[in-house]
Amino acid sequence: MTGISLFEVIGPNMVGPSSSHTAGAVSMALLAQKMFQGAIEKVDFTLYGSFAKTYKGHGTDRALLGGIMGYETDDLRIRDSFALAKRTGLKYSFSVSEENDVHPNTADIHITGTDGKRLFVRGVSLGGGKVKIVRLNKIEVEFTGEYSTLIVSQTDRQGVAAHITKSLSDHNVNIAFMRLFREEKGADAYTVVESDEKIPEEALECIKANPYVSDVMLVQV
Amino acid sequence: MDFRSGKELLELCVQEQLPISQVMKLREIELQETSEKEVNSKMKKALNIMRNAAYDPIKNEVSSIGGLIGGEAKKLENLRVEGKSLCGGAISKAMAYAMAVLEVNASMGVIVAAPTAGSSGVLPGVLLSLQEEYGLSDDQILEGLYTAGAVGYLLMRNASVSGAQAGCQAEVGSAAAMAAAAAVEMMGGTPDQALSAATGAISNLLGLVCDPVRGLVENPCQNRNAIGAANALINAEQALAGITQLIPFDEMVQAMYHVGRSLPFELRESALGGCAATPTACNMNCPSCT
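Keeping their order, the protein sequence lines are chains A and B. This note's numbering puts the last residue of the first sequence at 320; the count rises by one with no breaks. This note's numbering puts the last residue of the second sequence at 1630; the count rises by one with no breaks.
With the rest of the complex left out, here is chain A:
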């Protein structure tokens, strides 16, 4: 922990009452919303650990729903996110789980799009408003959304990583971190690339051209 920004100390600017249980909840749901990249019909949340026990008193439920509707951590509309969701026809549900072998501040987010597309995201709130995504659909991953993040859904085959890095360098993207996450050799996998700067849309098209790439998600800073 060396590169702590001044605005991590004096910040985040946020709707209260808790940086981990409110601001962190907004951030992880907002990340899921950005990854989904489409109109959302329905979202189902499952809360674990401390989230499960204290979510009402911390507004964690309103915060998660607000994030799904694209609100930032300091957006006062979070207070009224239930009413606002109802007005826009967004369906939602919350359930709690007794399972305790996960981080105490964990939420599962199941998104269903108006076109039937589905995405499963598991987020963890680390404290101070910081979050990380630890699972995407069936695969365990790890990224924070603090950088511009490109998530490539692919089949684990030789040459895909090289294709991704070439596509990015052709578009002058400097890679800060890059990791491959997979269930098993040769199966479905995600490559997560993080960059300090914005990643141009054209780079995505280029990456998608590879036959082993099935989808590309992009979260810009």
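There's no promise every hint is true.
Think about it this way: if two alpha-carbon atoms lie no more than 35 Å apart in a straight line, the pair counts; the simulated DSBU-like pairs of lysine-lysine are [claimed, not checked]:
1) K1414/B x K155/A
2) K231/A x K1347/B
3) K231/A x K1414/B
4) K1385/B x K133/A
5) K1414/B x K1384/B
6) K152/A x K1415/B
Cβ-to-Cβ under 7 Å is the rule here; a few derived chain A residues that face chain B [claimed, not checked]:
7) L105
8) N112
9) S118
10) R217
Chain A regions said to be covered by chain B (calculated; three or more residues, Cβ under 8 Å) [claimed, not checked]:
11) 131-142
12) 157-168
13) 172-184
14) 221-232
Just so you know, the hints here were simulated from the structure itself, not pulled from any lab data. Glycine included, C-beta positions come from ideal geometry on N, C-alpha and C.
Starting from the known structure of chain A, fit chain B onto it as the hints suggest.
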């Protein structure tokens, strides 16, 4: 320009002939590869949020989601306006504003975590009180925020500002240290005196546990913000008077961290000990035990 300890920060201040606030600002510009204008504008936005959160509950009462607090800041303000304050101007206002921010926080209003939401009242309480009492400009308050940021950064880097990790001493204790250093610089003290005030503020709250009733950021958190603000002003005054600390800042930061790590789980934001475990609190249907 970067520093990893209080010692390195003071060396930089001497070497560059700059106050702590400026060193911290330059560090941020370098770290984020950004401009002074950009950093200043972000800090002004934070100050605006702090100001609204400190002043709003005195005009318009707000009620918390948990229902444990609300209206306390206004009561303090009323007492002071009637000329009946015991603590006098600076401390009286600082505690009213600190408590006000916690009311806003507990009602899902907008605050600036500084360093956390649970301790978000201390810094605005101290800074805005001093601004009113001593006619300080907004620019001076902004400098104070940078100084506070430097101290908070060192605490975050070398110890912890999380109640779940190290108790309330890491939250309100850290906020008080940040505010104490800011107050010293705003009132014309040296970088040495600023860190000395921060050191005293940490040592006064060593061991303070995090024991929120029903697990909510309401009680005793709101009151602890008032004590954090008063603690910051007391230590700033001592430092400005030339009183020095026996233990250096960096050693005190480590002491706080070690004390925090040795606190049992029950006293680190689990709502299983301290105030949260009293019969009265337990009878309030606390979610931690159900």
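Quick rundown of the hints versus the structure:
no. : hint              : verdict
1   : K1414/B x K155/A  : holds, 27 Å
2   : K231/A x K1347/B  : holds, 33 Å
3   : K231/A x K1414/B  : violated, 39 Å
4   : K1385/B x K133/A  : holds, 25 Å
5   : K1414/B x K1384/B : holds, 26 Å
6   : K152/A x K1415/B  : holds, 33 Å
7   : L105              : holds, 4 Å
8   : N112              : holds, 5 Å
9   : S118              : holds, 5 Å
10  : R217              : violated, 30 Å
11  : 131-142           : violated (count 0)
12  : 157-168           : holds (count 3)
13  : 172-184           : holds (count 4)
14  : 221-232           : holds (count 3)
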